[in-house]
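*Asks:* One letter stands for each residue in the lines below.
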Amino acid sequence: RKEVEQDPGPFNVPEGATVAFNCTYSNSASQSFFWYRQDCRKEPKLLMSVYSSGNEDGRFTAQLNRASQYISLLIRDSKLSDSATYLCVVPTGSARQLTFGSGTQLTVLP
Amino acid sequence: ETGVTQTPRHLVMGMTNKKSLKCEQHLGHNAMYWYKQSAKKPLELMFVYSLEERVENNSVPSRFSPECPNSSHLFLHLHTLQPEDSALYLCASSHEYGGTGTSFSTDTQYFGPGTRLTVL
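Those protein sequence lines, which keep their order, are chains A and B. Heads up: the first sequence begins at 385 in the working numbering, then just goes up one per residue. Heads up: the second sequence begins at 4 in the working numbering, then just goes up one per residue.
Bear in mind the hints are in silico, worked out from the structure with no lab data behind them. Where hints are given, some of them may not hold.
As the list claims (entries may be wrong) - Coverage of chain A stretches by chain B, computed from C-beta distances (three or more under 8 Å per stretch; other residues unrestricted):
(1) 391-398
(2) 419-428
Unchecked claim - Pairs of lysine-lysine, DSSO-like flavour, derived with a Cα cap of 30 Å:
(3) K429(A) to K22(B)
(4) K386(A) to K426(A)
(5) K463(A) to K429(A)
(6) K386(A) to K22(B)
(7) K22(B) to K463(A)
(8) K21(B) to K463(A)
(9) K429(A) to K39(B)
(10) K21(B) to K386(A)
(11) K44(B) to K429(A)
(12) K25(B) to K463(A)
(13) K426(A) to K43(B)
(14) K39(B) to K21(B)
(15) K429(A) to K386(A)
(16) K44(B) to K463(A)
(17) K429(A) to K25(B)
(18) K39(B) to K386(A)
(19) K39(B) to K25(B)
(20) K43(B) to K22(B)
(21) K39(B) to K426(A)
(22) K463(A) to K43(B)
(23) K463(A) to K426(A)
(24) K44(B) to K22(B)
(25) K25(B) to K44(B)
(26) K43(B) to K25(B)
(27) K43(B) to K21(B)
(28) K44(B) to K21(B)
(29) K426(A) to K22(B)
(30) K426(A) to K44(B)
(31) K39(B) to K22(B)
Keep in mind the model is a prediction, meaning the values are calculated, not measured. Where is the CB? At the ideal position from N, CA and C, for every residue including glycine.
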C-alpha cells in the first residue's frame, strides 16, 4: 500500500450536492491527519486537522477510521468556491515528515 | 506582514544561471521546509530546517543548496538546473519539527505562495 492514497477524481458535482473523498494510509501509528485545499496555481492551505475519530467545521466533516486506516472528507451543500484540489496529508517516517497525497480535484458546477 | 512570504513569485532561468529563492516566515515558528511540486505529482519534501539546523535532506541533487541563516529566513540556491527542475517551489513553516513524544503526530505546516520556476 502507498503511504497515502487518494480517490483519483476528478469529481464534478452540481451546486448544493454532497460529495465525499476517501484517503487511505499505510502507517498504523499515525495519530494526526490533515486535509489541505489547493486552488489552481496557489499554495496548499489547511482545511481541517483530524486528531481523533473526526472533526466538523460548518459544511465540512472529516472522519477517521483507524481500524481500516482511512480518512474521509465530506462536503455538504457544495458551493462554487469549493472547487479546488483536496490534499490528504499524513505524518510518516518518524512522524517528522508530512506525506501528501496526490490530491482529488473537485469542480462544483452551477 | 504576516504568514509565510516567498520571493520571487516567478522565475525563468537558463541552465547555466545561478539564482536564489527566498522564504520568510512571520509566525515565530522553529521549523522551515522546502517542497517541490511538479505538474500532476504530489508535493515532494526537499529539505527541513529545525532551529536553523538542517535535519532532513531527501536525496535532493546538489544543484539545489539550502541555507537557513536564522529561524525566520530560508533560502534555496539554484545552479546549473535542468529543464525537469521546472516546478512550483513551496516554502512552509511549523511551530516545531516532528512529533511529540510517542504520539506520532506532527504540527500543522503553513505554506508560502510559492515560486514558479521555469528552466529553459
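*Asks:* Does each hint fit the structure? Answer for all of them.
*Replies:* Checked hints:
As drawn, the region 391-398 of chain A meets chain B at 0 residues by the rule of a beta-carbon pair under 8 Å; below three, the given contact is violated. Counting residues of the region 419-428 of chain A whose CB lies closer than 8 Å to any CB of chain B gives 4, so the stated coverage by that chain holds, three being the minimum. Simply put, K429(A) and K22(B) have alpha-carbon atoms about 27 Å apart, close enough for the 30 Å limit, and the pair holds. With a C-alpha separation of about 26 Å, the suggested pair K386(A) and K426(A) falls inside the 30 Å cut-off, and the hint holds.
In summary, the hint linking K463(A) to K429(A) is supported, as the alpha carbons are separated by about 18 Å, within the 30 Å threshold. Between K386(A) and K22(B) the CA atoms are separated by roughly 35 Å; this puts the pair beyond 30 Å, and the hint is violated. With a C-alpha separation of about 41 Å, the suggested pair K22(B) and K463(A) falls outside the 30 Å cut-off, and the hint is violated. A distance of roughly 44 Å separates the Cα atoms of K21(B) and K463(A); the hinted pair therefore is violated under the 30 Å criterion.
With a CA separation close to 16 Å, the supplied pair K429(A) and K39(B) stays within the 30 Å bound. Distance restraint check for K21(B) and K386(A): the Cα-Cα separation of roughly 36 Å exceeds the 30 Å cut-off, and the hinted pair is therefore not satisfied. Only pairs whose Cα atoms come within 30 Å are accepted, and K44(B) paired with K429(A) is accepted, the gap being roughly 17 Å. Pair hint K25(B) plus K463(A) does not hold up; C-alpha atoms about 35 Å apart against a cutoff of 30 Å.
Proposed proximity of K426(A) and K43(B) is supported: the alpha carbons are some 14 Å apart, at most 30 Å. The suggested pairing of K39(B) with K21(B) holds, with an alpha-carbon distance near 18 Å, which does not exceed 30 Å. This hinted pair checks out: K429(A) and K386(A) have alpha carbons roughly 23 Å apart, not beyond 30 Å. Taking the CA atoms of K44(B) and K463(A), the gap is about 26 Å. The hint holds against a cut of 30 Å.
Simply put, K429(A) and K25(B) have alpha-carbon atoms about 20 Å apart, close enough for the 30 Å limit, and the pair holds. A distance of roughly 19 Å separates the Cα atoms of K39(B) and K386(A); the hinted pair therefore holds under the 30 Å criterion. In summary, the hint linking K39(B) to K25(B) is supported, as the alpha carbons are separated by about 14 Å, within the 30 Å threshold. Our distance criterion of 30 Å between C-alpha atoms is met by K43(B) and K22(B), whose separation comes to about 25 Å.
The hinted pair formed by K39(B) and K426(A) meets the criterion: a straight-line CA distance of about 13 Å does not exceed 30 Å. Distance hint between K463(A) and K43(B) is fulfilled; the C-alpha atoms sit about 25 Å from each other, no more than 30 Å. Taken as a hint, the K463(A) and K426(A) pair is honoured in the structure, with Cα atoms around 19 Å apart against an allowance of 30 Å. At most 30 Å may separate the alpha-carbon atoms for a hinted pair to count; K44(B) and K22(B) meet this at roughly 24 Å.
Of the supplied pair hints, the one linking K25(B) and K44(B) holds, its CA atoms being roughly 23 Å apart against a limit of 30 Å. About 25 Å separates the Cα atoms of K43(B) and K25(B), which keeps this hinted pair within 30 Å; it holds. Straight-line distance between C-alpha atoms of K43(B) and K21(B) comes to about 27 Å, which keeps the hinted pair within the 30 Å bound. In summary, the hint linking K44(B) to K21(B) is supported, as the alpha carbons are separated by about 26 Å, within the 30 Å threshold.
The suggested pairing of K426(A) with K22(B) holds, with an alpha-carbon distance near 22 Å, which does not exceed 30 Å. Restraint check for K426(A) and K44(B): the C-alpha separation of about 15 Å stays at or below 30 Å, so the hint holds. With a C-alpha separation of about 16 Å, the suggested pairing of K39(B) with K22(B) holds against the 30 Å cut-off.
Violation of the numbered hints given earlier is confined to hints 1, 6, 7, 8, 10 and 12; the remaining hints are satisfied by the structure.
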